[in-house]
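Asker: For reference, the chains in residue letters:
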Amino acid sequence: MNKKRAMILVSNDPESIRLGANEIIQHVTESLASYGLQDEVDVSTVSDVNHSNILPLVVVYPEAVVYGPVKPSDVRYLVEEHLYKGRVVEDLLAPPKMLTGQIGWLRGHKGYNPAEHRIVLERAGRIDPDNIEEYITASGYDALGKVLSDMTPESVIEVIEKSGLQGRGGAGFPTGRKWKFVRAAQGGKKYIVCNADESEPGTFKDRIVLEGDPHVIIESMAIAAYAIGADEGYIYIRGEYGLAYRRLEKAILQAREFGLLGKNIFGTEFNFDIHIHAGAGAYVCGEETALLESLEGKRGEPRSRPPYPVTKGLWNKPTSVNNVETLANIPAIIRNGAEWYRSIGTPSSPGTKVYTIMGNVNFSGVIEVPMGVTLREVINIYAKGMKPGSTLKLAQTGGSSGSIIPAVLQDTPMDFESFRKAGVSLGSGALLICDQETCIVDLVKVLLQFFRFESCGKCTPCRVGTQRSYEIVDRISKGQGKLEELDTLLELAAEMERASNCGLGQTATVPIRDMLKHFRTEVEAHIRSGSCPTGVCEMAQEVEKIQVK
Amino acid sequence: MTAPTIDRDVVSVVQAAIEKHGNSRDAMIPVLTEINRVFGYVSREAIHEVRKQLHDPARQVHIAESQLYALTSFYDMLSTKPRGRHVIKFCENAPCHVVGGKAVWDGLREMLSLENGETTADNKWTLVTTSCLGLCSVGPVVLIDDDMYGNVTPEQISEILGKYE
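Top to bottom, those sequences are chains A and B. Residues in the first sequence are numbered consecutively from 1, following the working numbering. Residues in the second sequence are numbered consecutively from 1, following the working numbering.
Check before you lean on any hint, since a few could be wrong.
Straight-line C-alpha distance at most 25 Å; calculated PhoX-like pairs for lysine-lysine [what the hints assert, rightly or not]:
hint: 1; chain 1: A; residue 1: Lys-250; chain 2: B; residue 2: Lys-20
hint: 2; chain 1: A; residue 1: Lys-478; chain 2: A; residue 2: Lys-517
hint: 3; chain 1: A; residue 1: Lys-298; chain 2: B; residue 2: Lys-81
Just so you know, the hints here were simulated from the structure itself, not pulled from any lab data. No experiment lies behind these values; they were computed from the predicted model shown.
Model the full assembly from the supplied sequences, consistent with the hints where possible.
Answerer: This is how it looks when you write it as structure tokens:
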């Protein structure tokens, strides 16, 4: 295959076409040919860019430089400068405005870099996490001060409810409503628990917050405690996160020294303190009732619900369990107001989302962007494209229990509502990008291996279902599967979804369903011809051959 | 990893862990974690000792040895069996898998002649798989004791293992 070094996208929405987009495409092709670049540069179109003031657009990858508005007469110069000589044409750059309605562009020396919108990660990496004064200088504890001096608990809850903040742990439950339930629950003693048991494979967004900005969690928990009427909080952090644990420990000590935890905070009647509890390695403890069991010193086996933690949580007291990323949004919402928060993201999913990007792409790491950005945008812009020679086959969103989405769905906006409509789960924000060399059977086998290992074993559908599903997929991966076993997989999935006690068993079936929905032909090829189309799976016959030799 | 001044006998280790983490029921997991850190695993003897020191009906703290064993066997970071001087944890989850994890795993098994969960005869190495360590941007990831290695290739394995006594 011919390797391309660059790609030019020209906007071809009706408005762009009216302004000469087709001519531009023609000029691009001709200019490339005249510089002998036709084999090195791909030309394609992009539509629905929604910014009439800078159309038509010409976007050049891999640098993701955006030019606009471009006139047909600019094209030859643009191609000569940018693609032949390698210089960005400053005069033609699009103004640093919103491009797709979601992504802004930053002017930089190397063309334009896609802007992130950082709320959760606003300070991570910019301040010294071990120094409370740096956090305070960066507006830290302002929100807590505001809450304690000017706001009633009810008005705090109202602001959070109006902001539309939804839980970022995966379920997307409205945070304000959760707090309201806990506030309304009977019982004197209440708890706020921060779920920092981040163990969804491919997810490390919370680690970045905990390691880079531990005070934001302390501040948010204090605000939450004030709102729900708690005076004690727990951070349940996964045992593997040693550095984050030490930073939190230090941050708590500093906050106590500064009078931001303890008795009479900010000279008010409000008392609050935080304990940290390290997990000991169990994925299921990310499930909130399993987490509470573990906090109480037991095996992390999920409880039957109802009752829900909002009425009977830690030691049977009303408890709000909130994810790290959710909490990290709170101080900014209090400081800037619900309206401000709603102006970011989409109407049904306000705010930003932190994604961890990994797999066969050029950039792996963490980004924070408004809700509603599409997968294509994440891959092409933030992840700086697929690795050389790679094309997108599928992406897994949201960790092991997340959806496997084929390349054709990459234009779905990533927000809670659009994903729900498309039958896809946004999950924890992990984006595992896989190329054409990924075998769906092999991938799902790895996922099921994870689930059968991490199933706590308390309820039968999950304990047995994950094991049996794994065995079937394992056989398929060795060329020993049977077609009727695909029906068995779906039957098992239906039972696991219906009868499992918690989210682990209920969602362990997602990869199986997605595999059979989007990639059935590839699965059947393993069974019918006993061979793996991508050559990843080691077929049993081949293994035998080696043994005979 | 631990202060060398600590006398490594079970009684005093358990005592120190309880002093640090408290003597209530919810201290059991941190206490077991501490014991595991010192000895590499939680022995029958240690379980017996924890129960002896924590169980106290007068304070409404009821603890059975079976509960302590149940905790130890449930949590992945606790081990019921002795482990080698160095524990190699290999992340077997999808993010590491799709960027070449399997070749690294095969390389580790081959070099050490170990399968998952086994320990070498000289008691130097224990090889185990682990679930995601949250270091996915540098996969494949291998953790040896507390040292993290990222972007590991099969060719690097012998050099990495060579660093350990």
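Asker: List in ascending order the numbers of the hints, as given earlier, that are violated by the structure.
Answerer: Hints that this structure does not satisfy do not exist here, as all of them hold.
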